[in-house]
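**Student:** One-letter residues, chain by chain:
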Amino acid sequence: METILLLAHVEADGSLALSAREALRAARAMNKAIAGSSLVVGLIGQSVQAAADSIAACPATRYFGVAGAEFGQSRYATDAAAAESLCKAAQATLVAAPATSRWNRVLPGVAQRLGGRVDCHVTGISDAGGKPAVSRWFYRQRMEATLTRAQRPWFLLIDPGSQTACDCGAGAAAVEMVPVQLAGGSRRTTVIGIREPKADAQTIRPDAALLFVTGAGWTKKQADGRMRVAEAEKLILDFLRLTRASLGSSKSLVDLGGEGQAVLPFLSHLNQIGQTGSTPRHAKGLSTCCHGEEPHTVGWRFIGERRAISLDPNCGWARGKADVLYVADAFAVISKVNELLADNF
Amino acid sequence: MSIAYQIVVCGGVVPDPLQTLEPVTAPAGPALKNEMMLPAVLDPWAGHALYEAANLARNAPGSKVWLVSLAPKAKLQQVMLTVAQKVPFELVALDGPASGFTEAAEVAAALAGAIQAIPGLDPSRLLVFGGWESASRGAGATMQMAGERLGIVDQFQGVDELKIVPDGSLEILERIEGGRHQVSRCAGPPALLGWATGSLPEPKNNPQVGMANMRAVMPALQKARPAQLGGEGLTFVSVTLPKQLRATQIVKDKSPGDIAKEIVEWIKK
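Residue numbers (my numbering), protein chains in the order written: chain A, 53 to 397; chain B, 805 to 1073.
The hints are simulated quantities; they were obtained by calculation from the structure and are not laboratory data.
No residue lacks a Cβ here, since even glycine has one placed at the ideal position from N, Cα and C.
Each hint should be verified, as a subset may be incorrect.
Taking lysine to any residue pairs in the SDA-like style, the calculated list, with each CA pair at most 20 Å apart, reads [unchecked claim]:
#  : chain 1 : residue 1 : chain 2 : residue 2
1  : B       : K1047     : B       : P821
2  : A       : K388      : B       : E1069
3  : B       : K868      : B       : P821
4  : B       : K1047     : A       : S387
5  : A       : K286      : B       : V1055
6  : A       : K140      : A       : G176
7  : B       : K1056     : A       : A87
8  : B       : K1065     : A       : L294
9  : A       : K140      : A       : T55
10 : B       : K1058     : A       : P365
11 : A       : K336      : B       : L1049
12 : A       : K388      : B       : K1058
13 : A       : K388      : B       : P1060
14 : B       : K1058     : A       : D375
15 : A       : K336      : B       : G917
16 : A       : K183      : A       : I244
17 : B       : K1065     : A       : D290
18 : B       : K1072     : A       : S387
19 : B       : K1073     : A       : I244
20 : B       : K1047     : A       : F354
21 : A       : K336      : B       : A1016
22 : B       : K890      : B       : V845
23 : A       : K183      : B       : V1041
24 : A       : K336      : B       : Q1053
25 : B       : K967      : A       : T242
26 : B       : K1073     : A       : T55
27 : B       : K1073     : A       : R293
28 : B       : K837      : A       : M195
29 : A       : K388      : B       : W1070
30 : B       : K1058     : A       : K183
31 : B       : K890      : B       : Q920
32 : B       : K1056     : A       : A384
33 : B       : K1073     : A       : D375
34 : A       : K183      : B       : V1055
35 : B       : K1065     : A       : A384
36 : A       : K388      : A       : D276
37 : B       : K967      : A       : R165
Over 12 Å on every C-beta distance to chain A, these chain B residues come out as not near it, computed from the model [unchecked claim]:
#  : residue
38 : N859
39 : K868
40 : A908
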């Protein structure tokens, strides 16, 4: 009989992140599909009661918690000890967790400790004859596999945005607190802070509806024979300010920045999408001045509606990849777009 | 306080990203069509880890870099012809499949075993580097599992920067959600760092470094131990390519103003 554990960490304000609710929905779906299985919840954080209460209406039969100041930090040694204790207390055979940076860091190691297996970046869970099967991508989002495993516990880290969040209501949850014995070396690492991009340069917004992809064409010589980098910078930043879109960039543009050239200074490798960058999930994507074939286009593999602006009607980035390709000068179009958006505010 | 680090970089080889990849079913499970014929490169994130390791070793006198790599010997030899010219390292080769469909836990066991077999490793000087995930399996799990096997509980993933603080502690920047970095301070080695892109460009080829490296690379390849990766308990139900093509509507003859109106309406919809 499978015991399905939803394993989540509590945010600094005591709440559960959206990604945790998405993982809970996935755990519940497995619970429904696997006959005789049970669903339990495990929470880790400085305090966990408020988070447990916020999902108390979900069909979990038990709630476990590890709480304390040491567990407020996103740190491998303490997180691993806490997750290991929760899995043992719950006697979990399947562990569903959101694929956050914190869990991605630690849960593979916990799977190793418990003699289990792990799959990160899970994008789907299905039923394979009464057993769970998971889908995830290989070769940087270039092929998708569905697989099952015999080993238990099996840790499934669910990619944020790949599932619908559960809408379980609040209530009063009876949390069983699990004691954790920390080894002497567990506090060798201390989290000393979070480094945020400057407010006016914060260009990565995972929750944005729109991904705006900038290509190398912005920094190339334009039809008038001039490079118009300063103008490009203003147009792009104005667009981001007006739409609250998230900014992605093709690899070539990011590499130019990394080489110290004075091009679009607000871009870093964190903006990079594609083969060696991220593959974000947004409802819509608008690419501008991009070019290239696979593997660069994997950057918008998980974008719903896609539109592109390019001077090249045969552009490999857009043709066959976008729903609509506007053959036009991005400088002129985005300038007009910004004017229209500004008029609406 | 200066420490002579022992930096072990784990890095596999992957098909050149520009190649077309097609899954096929082989007797042992899924594989890539013409896999042995595809040109290979050092995994990009492992490459960043290697360059960061070399940079750290250059700035910490007495430090040494090993590259532990699991791949078919022929592929590894091909990749080393290029990589060996970049930075100084000693290769520890494991002979086995480089497929993305191998099991992360088994690869981790092979890597950890190879690291433990390096003579003279001192945990108080040991830093284990690697990519935070590979461009093939993309498991994002192998390094953590290898670290557990080595007893390393100070682990960091998505690392973009490592600074050595004068007291010998390590200050590490890890990528977290929303384009932010978490800054951590670790007392010192042993530690494991899964690198994202770091901040260093790819070093230029240096034939002298290449010649020095290759003197040890060939013997290392000859004595590469075979790694058994059976994929026990793992069953692939399917491996498919995504639907590639969309019916793109090409809009050629509209003015920038008309296109802008259409885009704004679409954004707001």
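**Student:** All the hints need checking, so say for each whether the structure fits it.
**Tutor:** So, going through the hints one by one against the coordinates:
no., hint, result
1, B:K1047 x B:P821, "holds (19 Å)"
2, A:K388 x B:E1069, "holds (13 Å)"
3, B:K868 x B:P821, "violated (30 Å)"
4, B:K1047 x A:S387, "violated (34 Å)"
5, A:K286 x B:V1055, "violated (26 Å)"
6, A:K140 x A:G176, "violated (26 Å)"
7, B:K1056 x A:A87, "violated (56 Å)"
8, B:K1065 x A:L294, "holds (15 Å)"
9, A:K140 x A:T55, "holds (11 Å)"
10, B:K1058 x A:P365, "holds (14 Å)"
11, A:K336 x B:L1049, "holds (17 Å)"
12, A:K388 x B:K1058, "holds (13 Å)"
13, A:K388 x B:P1060, "holds (7 Å)"
14, B:K1058 x A:D375, "holds (17 Å)"
15, A:K336 x B:G917, "violated (46 Å)"
16, A:K183 x A:I244, "violated (43 Å)"
17, B:K1065 x A:D290, "holds (17 Å)"
18, B:K1072 x A:S387, "holds (17 Å)"
19, B:K1073 x A:I244, "violated (42 Å)"
20, B:K1047 x A:F354, "holds (12 Å)"
21, A:K336 x B:A1016, "violated (51 Å)"
22, B:K890 x B:V845, "holds (13 Å)"
23, A:K183 x B:V1041, "holds (12 Å)"
24, A:K336 x B:Q1053, "holds (16 Å)"
25, B:K967 x A:T242, "holds (15 Å)"
26, B:K1073 x A:T55, "violated (43 Å)"
27, B:K1073 x A:R293, "holds (18 Å)"
28, B:K837 x A:M195, "holds (13 Å)"
29, A:K388 x B:W1070, "holds (14 Å)"
30, B:K1058 x A:K183, "violated (54 Å)"
31, B:K890 x B:Q920, "violated (26 Å)"
32, B:K1056 x A:A384, "holds (14 Å)"
33, B:K1073 x A:D375, "holds (15 Å)"
34, A:K183 x B:V1055, "violated (48 Å)"
35, B:K1065 x A:A384, "holds (12 Å)"
36, A:K388 x A:D276, "holds (19 Å)"
37, B:K967 x A:R165, "violated (30 Å)"
38, N859, "holds (15 Å)"
39, K868, "holds (23 Å)"
40, A908, "violated (7 Å)"
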